[in-house]
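S.K.: Residue-level listing of the chains:
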Amino acid sequence: MNDTTVAIQAAASAVNPADTAWMLVACAMVLLMTPALAFFYGGLVRSKNTLNTMMMSFASMGVAGVLWVLAGYSLAFSPGSGWLGGSGFLLLRGVGIEPNGTIPHILYMAYQGTFAIITAALISGAVVERIRFAPYIAFISLWTLLVYAPVAHWVWGANGWLADLGALDFAGGTVVHVNAGMAALVAALVVRPRKDYGRQALVPHNVPFVLLGAGLLWFGWFGFNAGSALGANGKAAIAFVNTMLAPSAALTTWMLLDFVRSGRPTAVGAATGIVVGLVAVTPAAGFVSPLSALAIGAIGVIPSYFVIRWRSRTRLDDSLDVVAAHGLGGLTGALLTGVFAEKAWGGVDGLLAGNPRQVGIQAIACLVTLAYSGAASFLLLKAIGVLIPLRSREGMEAVGMDLTMHEEEAYASGEGAILVDEPGMFETALDGVAGVPQSAGGAV
Amino acid sequence: MRLIVAIIRPEKLNDVLGALFKADVKGLTIGKVQGHGGETELVATYRGNRVKMALAEKVRLEIGVSDPFVDVTVDAILTSARTGEVGDGKVFVLPVEKVYRIRTGEEGRSAVTPVPRAD
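These protein sequences, in sequence, are chains A and B. For the first sequence, the working numbering assigns the number 1 to the initial residue and increments by one for each residue that follows. For the second sequence, the working numbering assigns the number 1001 to the initial residue and increments by one for each residue that follows.
Hints were generated in silico from the structure; no laboratory data involved. Please read these numbers as outputs of a predicted model, since none were measured by experiment. Yeah, the Cβ is synthetic: ideal placement off N, Cα and C, and Gly gets one too. Certain hints may be false.
Not everything, but these chain B residues come out facing chain A in the computed CB check (under 10 Å) [as the list claims (entries may be wrong)]:
id, residue
1, Gly1038
2, Leu1042
3, Tyr1046
4, Asn1049
5, Val1051
For the chain B half of the interface with chain A, some residues (derived, Cβ under 10 Å), not all of them [as the list claims (entries may be wrong)]:
id, residue
6, Glu1011
7, Gly1035
8, Val1043
9, Ala1054
10, Glu1062
11, Thr1083
12, Asp1088
Below, a list of computed lysine to any residue pairs in the SDA-like style, where the Cα atoms sit at most 20 Å apart [what the hints assert, rightly or not]:
id, chain 1, residue 1, chain 2, residue 2
13, B, Lys1026, A, Gln200
14, B, Lys1052, A, Ile418
15, B, Lys1012, A, Gln200
16, A, Lys235, A, Ala134
17, B, Lys1052, A, Gln200
18, B, Lys1052, A, Ala417
19, B, Lys1052, A, Leu202
20, B, Lys1032, A, Gly416
21, B, Lys1052, A, Ser413
22, B, Lys1012, A, Lys382
23, B, Lys1012, A, Ala134
24, B, Lys1012, A, Thr404
25, A, Lys195, B, Glu1011
26, B, Lys1022, B, Glu1011
27, B, Lys1012, A, Val399
28, A, Lys195, B, Gly1084
29, B, Lys1022, A, Gly198
30, A, Lys382, A, Ala134
31, B, Lys1052, B, Leu1042
32, B, Lys1012, B, Gln1034
33, B, Lys1022, B, Pro1116
34, B, Lys1098, B, Thr1029
35, B, Lys1012, A, Gly198
36, B, Lys1052, B, Lys1098
37, B, Lys1090, B, Asn1014
38, B, Lys1032, A, Lys382
39, A, Lys195, B, Lys1026
40, B, Lys1032, A, Ala134
Using the sequences plus the hints, can you model the full thing?
M.R.: Rendered as structure tokens:
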């Protein structure tokens, strides 16, 4: 037996099978949240922009996933300074099946990668229906490395300075939602409003998609929050239950607010309420009691509810309300974590348990994230904008981003569609087939 | 009495409706249609197969108006539906033999004159 085998066996002995099994599943569940987000966002836009909107989420599973493995994971999680991880895990050097906690290191890396993927995708909701695809990809690629990874390091890294300060962020309220929300605000301002914004009613084209997306997000979020316990244990159970309860309270509150204001609880509102409830409980999930989770859900949606109503009457075309749902929901959740956290439930004592200082620490973590994410996102977008135009031309926006960016339609009827390229192959293949005009391939 | 049939770009529908309502033309029917008006075809690609979209999405408006409203209506459409590119559409003005309002049985001009709303 050579030394390597011995090392691997010794390493494997500290890996817990139950923890590993749960984390394998949790990782897949978090990855599913990105397609879920694609449906949530895709249903909210006009039909001519459906594919482009959904692709902005799906593409993140490509580029953010690759960049995470190449460099992002190292910048976020390898030992470095308090401000940034080192180069130790570049190209996954030294990341194998040895235990990280009680699960294989490589699984921990993949799990964190699914977070980076959805965080980048969240931003897209602020700029749908007019940003060009290439600059968007360039932006989320650079953003994953230069904004997401450092902030993740501050909060979750081995010696991250916000972690040392005592900021509580169980599953990413600050790292994911405040961070993405601020980037979304900057992106909406830099890319500027859609041509039709404020001139026409821009209504969701498929509300069932929105509900489907919200439902799948909720499902995936159990992996996001309960998985953040990094094991199959009591803490995971607390986070799991809180992830069930906070959105329940949030959804109920949202319907009540709708009911009081107009007498008509809306489906888009219900879907939004679920997402904001999930966002709000994310930083708190493993630190608060189930009843506190109910309170966080119920209180957490109130600012977002009113800001969404107000925002659509302003010139801020944050098209799918990423700022109100994720940015503000994340802020509210982070602060409420400082209020409701309890040592008895796995956190440190917060305001209600007699430690008001925790709310201040939470606020500092949020402010730092807002400042860094805002400034860095602005610089990145401006730099990309110098090289390639961020926006599509007005005429292309009118035709829709599906055809202009992807040459596809979400709901093509096929009527009047004529095959153009490489007719030869098709002509021979279809020769003499009943009902196929001989000229099908070559006439045009 | 004329029936005005207009084929316009779908993205111009809101502008056209705005112009028509401003001109006090309030009764109309619209439908989504597909057609070809000499514009450059959009191209789509599915799994490597390039497809030319020979039929473009259009919206057809049908508006029955009394004679004094014909020019007003046509002008409103012409100015609001125009982008200057090929494919802006057409406006047809057709003679109408008879018009009835189903609710009252009224005929002719009064059938196409909107009733002032109670509110």
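S.K.: Taking the hints in turn, state whether each one holds.
M.R.: Here's how the hints hold up against the structure:
With a least beta-carbon distance of about 14 Å to chain A, the hint placing Gly1038 (chain B) at the interface is violated under the 10 Å criterion. The beta carbon of Leu1042 (chain B) is positioned within 10 Å of a beta carbon in chain A (closest approach about 5 Å), and the interface hint is therefore held. Given the 10 Å rule on beta carbons, the hint for Tyr1046 (chain B) holds: about 7 Å separates it from the nearest Cβ of chain A. With its C-beta approaching chain A no nearer than about 6 Å, Asn1049 (chain B) sits inside the 10 Å limit, and its interface hint holds.
At about 5 Å, the closest approach between the beta carbon of Val1051 (chain B) and any beta carbon in chain A falls short of 10 Å, and the interface hint on this residue holds. For Glu1011 (chain B), the interface hint holds, the least distance from its beta-carbon to any beta-carbon of chain A being 4 Å, beneath 10 Å. At a threshold of 10 Å, the smallest CB-CB gap from Gly1035 (chain B) to chain A is about 9 Å, leaving the interface hint in force. Against a cut-off of 10 Å between C-beta atoms, the interface hint on Val1043 (chain B) holds, since the closest Cβ of chain A lies about 6 Å away.
Annotation: interface hint on Ala1054 (chain B) holds; nearest CB of chain A at approximately 4 Å, less than 10 Å. Against a cut-off of 10 Å between C-beta atoms, the interface hint on Glu1062 (chain B) is violated, since the closest Cβ of chain A lies about 21 Å away. This hint holds: Thr1083 (chain B) has a C-beta 8 Å from the nearest C-beta of chain A, less than the 10 Å allowed. About 12 Å separates the beta-carbon of Asp1088 (chain B) from the nearest beta-carbon of chain A, more than 10 Å, and the hint is not met.
The straight-line distance between the Cα atoms of Lys1026 (chain B) and Gln200 (chain A) is roughly 19 Å, inside the 20 Å bound, and the hint therefore holds. Under the criterion of a C-alpha separation no larger than 20 Å, the hint pairing Lys1052 (chain B) with Ile418 (chain A) is consistent with the structure, at around 5 Å. For the proposed pair Lys1012 (chain B) and Gln200 (chain A), the alpha carbon gap of about 11 Å is at most 20 Å, so the pair holds. For the hint pairing Lys235 (chain A) with Ala134 (chain A), the CA-to-CA distance comes to about 41 Å; that exceeds 20 Å, so the pair is violated.
Proposed proximity of Lys1052 (chain B) and Gln200 (chain A) is contradicted: the alpha carbons are some 30 Å apart, above 20 Å. For the suggested pair Lys1052 (chain B) and Ala417 (chain A), the alpha carbons sit about 6 Å apart, so the restraint of at most 20 Å is met. Our distance criterion of 20 Å between C-alpha atoms is broken by Lys1052 (chain B) and Leu202 (chain A), whose separation comes to about 28 Å. Proximity of Lys1032 (chain B) to Gly416 (chain A) is assessed by CA-CA distance (about 15 Å); at most 20 Å being required, the pair is judged to hold.
Between Lys1052 (chain B) and Ser413 (chain A) the CA atoms are separated by roughly 13 Å; this keeps the pair inside 20 Å, and the hint holds. Between Lys1012 (chain B) and Lys382 (chain A) the CA atoms are separated by roughly 32 Å; this puts the pair beyond 20 Å, and the hint is violated. For the hint linking Lys1012 (chain B) to Ala134 (chain A), the alpha-carbon distance of about 28 Å lies beyond 20 Å, and the restraint is violated. A hinted pair counts as satisfied when its Cα atoms are at most 20 Å apart, and Lys1012 (chain B) with Thr404 (chain A) qualifies at roughly 18 Å.
Our distance criterion of 20 Å between C-alpha atoms is met by Lys195 (chain A) and Glu1011 (chain B), whose separation comes to about 11 Å. The straight-line distance between the Cα atoms of Lys1022 (chain B) and Glu1011 (chain B) is roughly 19 Å, inside the 20 Å bound, and the hint therefore holds. Of the pairs offered as hints, the one joining Lys1012 (chain B) and Val399 (chain A) holds, with about 11 Å between alpha carbons and a cut-off of 20 Å not exceeded. For the given pair, Lys195 (chain A) sits about 18 Å from Gly1084 (chain B) by alpha-carbon distance, which is consistent with the 20 Å threshold.
Simply put, Lys1022 (chain B) and Gly198 (chain A) have alpha-carbon atoms about 18 Å apart, close enough for the 20 Å limit, and the pair holds. Under the criterion of a C-alpha separation no larger than 20 Å, the hint pairing Lys382 (chain A) with Ala134 (chain A) is consistent with the structure, at around 14 Å. Only pairs whose Cα atoms come within 20 Å are accepted, and Lys1052 (chain B) paired with Leu1042 (chain B) is accepted, the gap being roughly 6 Å. Straight-line distance between C-alpha atoms of Lys1012 (chain B) and Gln1034 (chain B) comes to about 15 Å, which keeps the hinted pair within the 20 Å bound.
Distance hint between Lys1022 (chain B) and Pro1116 (chain B) is fulfilled; the C-alpha atoms sit about 16 Å from each other, no more than 20 Å. In summary, the hint linking Lys1098 (chain B) to Thr1029 (chain B) is supported, as the alpha carbons are separated by about 17 Å, within the 20 Å threshold. Between Lys1012 (chain B) and Gly198 (chain A) the alpha-carbon distance is near 15 Å, which keeps this suggested pair within the 20 Å criterion. With a C-alpha separation of about 42 Å, the suggested pair Lys1052 (chain B) and Lys1098 (chain B) falls outside the 20 Å cut-off, and the hint is violated.
This hinted pair checks out: Lys1090 (chain B) and Asn1014 (chain B) have alpha carbons roughly 17 Å apart, not beyond 20 Å. About 40 Å separates the Cα atoms of Lys1032 (chain B) and Lys382 (chain A), which puts this hinted pair outside 20 Å; it is violated. Between Lys195 (chain A) and Lys1026 (chain B) the CA atoms are separated by roughly 26 Å; this puts the pair beyond 20 Å, and the hint is violated. Of the supplied pair hints, the one linking Lys1032 (chain B) and Ala134 (chain A) is violated, its CA atoms being roughly 32 Å apart against a limit of 20 Å.
When held up to the earlier numbered hints, the structure conflicts with 1, 10, 12, 16, 17, 19, 22, 23, 36, 38, 39 and 40 and fits the remainder.
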